[in-house]
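Visitor: Residues per chain are reported as follows:
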Amino acid sequence: MFELDAYYQPESLAVALELLAKSDGKLRPLAGGTDLVPALAKRKIHCPGLIDLSAVSELRAIIAREHEIQIGSMSTFAQIEEFLVIRNRFPLLSEAAASVGSPQIRNTGTIGGNIANASPAADMVTALIALEAEVRLDSSEGFRTVPLQNILEGAGKTHIRPQEIITNILIRPLAPGSRSGYIKLGRRRALAIARLNLAVILAVHENKISLARVALGAVGPNPCRSSALETTLEGQQISSTLVDTFASEAEKEVVRMLGSRPSVSYKQEAVKGIARELLPRLFSSTEGVVA
Amino acid sequence: MLEGGVVGQSVQRVDGLVKVTGESYFAADEKVPAALVLKVLRSRVAHAVVKRIDISEAEKIPGVVRVFTYADIPGENSYGIMVKDQPVLTDKIRFIGDAIALVVAENPDAARKGAEAVKVETEELPPLYDVWSAMAEGAPPIHDKGNILTVGRVKKGDAAAALSRADVVISRLYRTQRVEHLYLETEAGIAYPEHNGLTIKVSTQNPHYDRRDVARVLGLPMNRVRIIQTPTGGGFGGKLDISVQCFLALAAWKLRRPVRMLYDREESFIATAKRHPFIIDYTSGANREGQLLAVKVRIIGDTGAYASYGPATLIRAAVHATGPYEVPSVDIEGLCVYTNNPFSGAMRGFGTPQMAFAFESQMDLLAQALQISPLEIRRRNILRPGSATATGQVLSDSVGIAKTLAAAWEKACQVMPGLGGENQ
Amino acid sequence: MDRFPLHMKVNGTQMTVDVDPGMRLLDVLRDVLGLTGTKEGCGEGECGVCSVILDGKIVDSCLVLAPQVQGREIITIEGVARNGELDILQEAFLEAGAVQCGFCTPGMILAGKALLDKNSHPDRREIARAISGNLCRCTGYAKIVKAVELAAARRSGKEGATGA
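Residue numbers (numbering that gives the first Met the number 0), protein chains in the order written: chain A, 0 to 290; chain B, 0 to 423; chain C, 0 to 163.
No lab work stands behind these hints, which were simulated from the structure alone. Hints are not guaranteed to be accurate.
Label pairs and their calculated CB-CB ranges [stated by the list, open to error]:
| hint | chain 1 | residue 1 | chain 2 | residue 2 | range |
| --- | --- | --- | --- | --- | --- |
| 1 | A | S209 | C | G55 | 38 to 46 Å |
| 2 | A | E81 | B | I400 | 46 to 54 Å |
| 3 | C | K8 | A | S56 | 18 to 26 Å |
Okay, derived cross-link-like pairs now, BS3-like style, lysine-lysine, Cα gap no bigger than 30 Å in a straight line [stated by the list, open to error]:
| hint | chain 1 | residue 1 | chain 2 | residue 2 |
| --- | --- | --- | --- | --- |
| 4 | B | K30 | C | K145 |
| 5 | B | K91 | B | K144 |
| 6 | A | K41 | A | K21 |
| 7 | A | K156 | A | K251 |
| 8 | B | K402 | C | K145 |
| 9 | C | K145 | C | K117 |
| 10 | B | K402 | C | K142 |
| 11 | A | K41 | C | K8 |
| 12 | A | K43 | C | K56 |
| 13 | A | K41 | B | K30 |
| 14 | B | K410 | A | K25 |
| 15 | C | K56 | C | K8 |
| 16 | A | K43 | B | K410 |
| 17 | B | K410 | C | K56 |
| 18 | B | K112 | A | K41 |
| 19 | A | K43 | B | K118 |
| 20 | B | K118 | B | K83 |
Cβ coordinates follow ideal geometry from the N, Cα and C atoms, glycine included.
Extracted from the complex, chain A is given alone in its bound form (with noise of 0.2 Å):
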């Protein structure tokens, strides 16, 4: 148990915002708590007072449309796992919420947290980054759509202001054939923390890839995408000569973002291993290609 000076669980978004314009930066919005309440359990953290979403249903949902995918920022890890159409078009997303700590984890903690948090390893950050997702933020003033990437400014910190709620996250359709994978190392199968993980989409048309998106996490302040790891891959015929020059790659790219930090004799070695793993995974078979 923790001391609180004020806790409210509004029914409506507009309530909810109406509350955080108030506070004058006092209150914080509690999402699926799975980081949050632990810390304040254990006073790693004080926080006066929380705004718990878990009443506001508008959050909840995911809609799929035409020309995007609308995900409500209070979806759960395992709702986005099981959620048909994001299993079929986006289906890096779903191995990034399957391969998220337990469970218990999944069953709680929630995309919008998962973003707001701002992990340099958060799972669902590197593959919605490759996924080039935007980012809705809502305050009592109006609401403003902001790529991803923009709103992460570093370990644990991020460009939301403190009258905004995260409220929805937007991704437009793969194009068909497309073609994309995660994949995530971590120190054992569940319950770990990404030592590294890696996203990657692409386009593929007889043999040839025409388009790359690669982001990588954990190898840096925030997962983000690799350019040059984009550019091994793009205008290539598909080979397993591709597999190795993109694991050699990667381990220059990790070098080169790690600098002098003491994992980079082990992560540089590593990525090559998940690289060798995801790329053939993502050549050879119909897996993970966008119906």
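Since the structure of chain A is already known, use the hints to place chains B and C on it.
Guide: Positioned in the frame of chain A, the structure of chains B and C alone reads:
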């Protein structure tokens, strides 16, 4: 077999039923009306002398009932399974986490605030974080008798001469790490005065030793202390030591009130025993046929701030230094050394898993040097009926390792299709 | 700070409890309702001994703030047996020898139950994944997986009348 007997039968464990229904009362589940709660103030430095403890502010906090320090111990302020070297509340700090003051309060919140309000003045000493600096000439003694607690030796034959005759000699230095037991149930217990004595219900593996140490600390005869072991949610050796027992005893006895105490995971990590980190200097010699002739081994175990089961762990390590292999000549030394690290004690295997890492690595290196398979070098050296161990015990009856090795090889061939042929 | 009137259904009973909003669900279950079958092992979602079923899904009660379960339904280990009769899963844990120190057992049984309630024919991989948020430091995983398999088989009546 006797009618109705249990040997060879599958039987349900006696405490199974209450464990699947959630009824089993672990120590933290005990319902004790009006129990006071305890919180320990622990040191944040590794090596220091306590100059002054000011409890006056802490005792003013609403809900705080009493704050105890080393000055309040009625009996001997020391306990320990093998060596009585660990104080309940200390005036000399030997590791980060040493207990300095015990706060008794009406609720956990007051207990925590009370512990934060205790002021401690210390004079820091140079901390010794590794065995080399602890053993160095002129190192500040962590305990009065110096930093090398025990030296155990196992000698058989003339190892030096045998090594000089060997066709191949392999020398390596091995290091193993500190390991926390991480039983899922953290340390917990309750205590209450009863009749003219004291009863403690506690998560423990060692109720009889607990009783002896609690009586010693309280200055009571043993027949006035009763320890009841609650269902223990994992121990793995880590609950052989005293954890909450003496704190509970001190508070319940002095205040004549029921008390309870529960470590959170962090405190359980900080304050309890670990597996000994070993430094193992291992030399093995064999002849051209791959037969072991001699080993010379020096093991240094970091027992941290307190002995716990350290001396026994290092003896066991020395005795098992040759593993399941027959070695005619051995020269083995096991040193148990104090440092300012968390204390090390018993943990599954008691020093032998650390040794297995070293002696099995040595066997692989010998095989490599002699260009025979890792399996073959083991076959040529394993203990068999009639073999003598490092301590000279002749194994007259059955020895399981040959069968185990054969079964392991058979399984390996099943699950790893590439194996076989050249390795046979 | 005002207390929060928490309405919830626990093990089939509708109830209202006034809680401090800074309490975790785990604190309410153990300290307010006295349901001590739910354990605390780490307080940060690593070990799973505080697992409960919330609206049919397994969650760590140490990561859930009590007011977050407003209007929802919770099943703890105390609610698994009905009228003194063990659930098939509890029986299977006993028979398969899946209980050792017993501290992980409540959470393991609930994780198994959450799985079987959704998927009556899980394979080994699915069982392993379903209990991947629950540690057993006695390392009895093989027997725990076996117990869930046994319970699944019995639930679907594969075993017939003769039992094991």
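Visitor: Report the numbers of all earlier hints that the structure fails to satisfy, in ascending order.
Guide: Numbers 4, 14, 16 and 17, in rising order.
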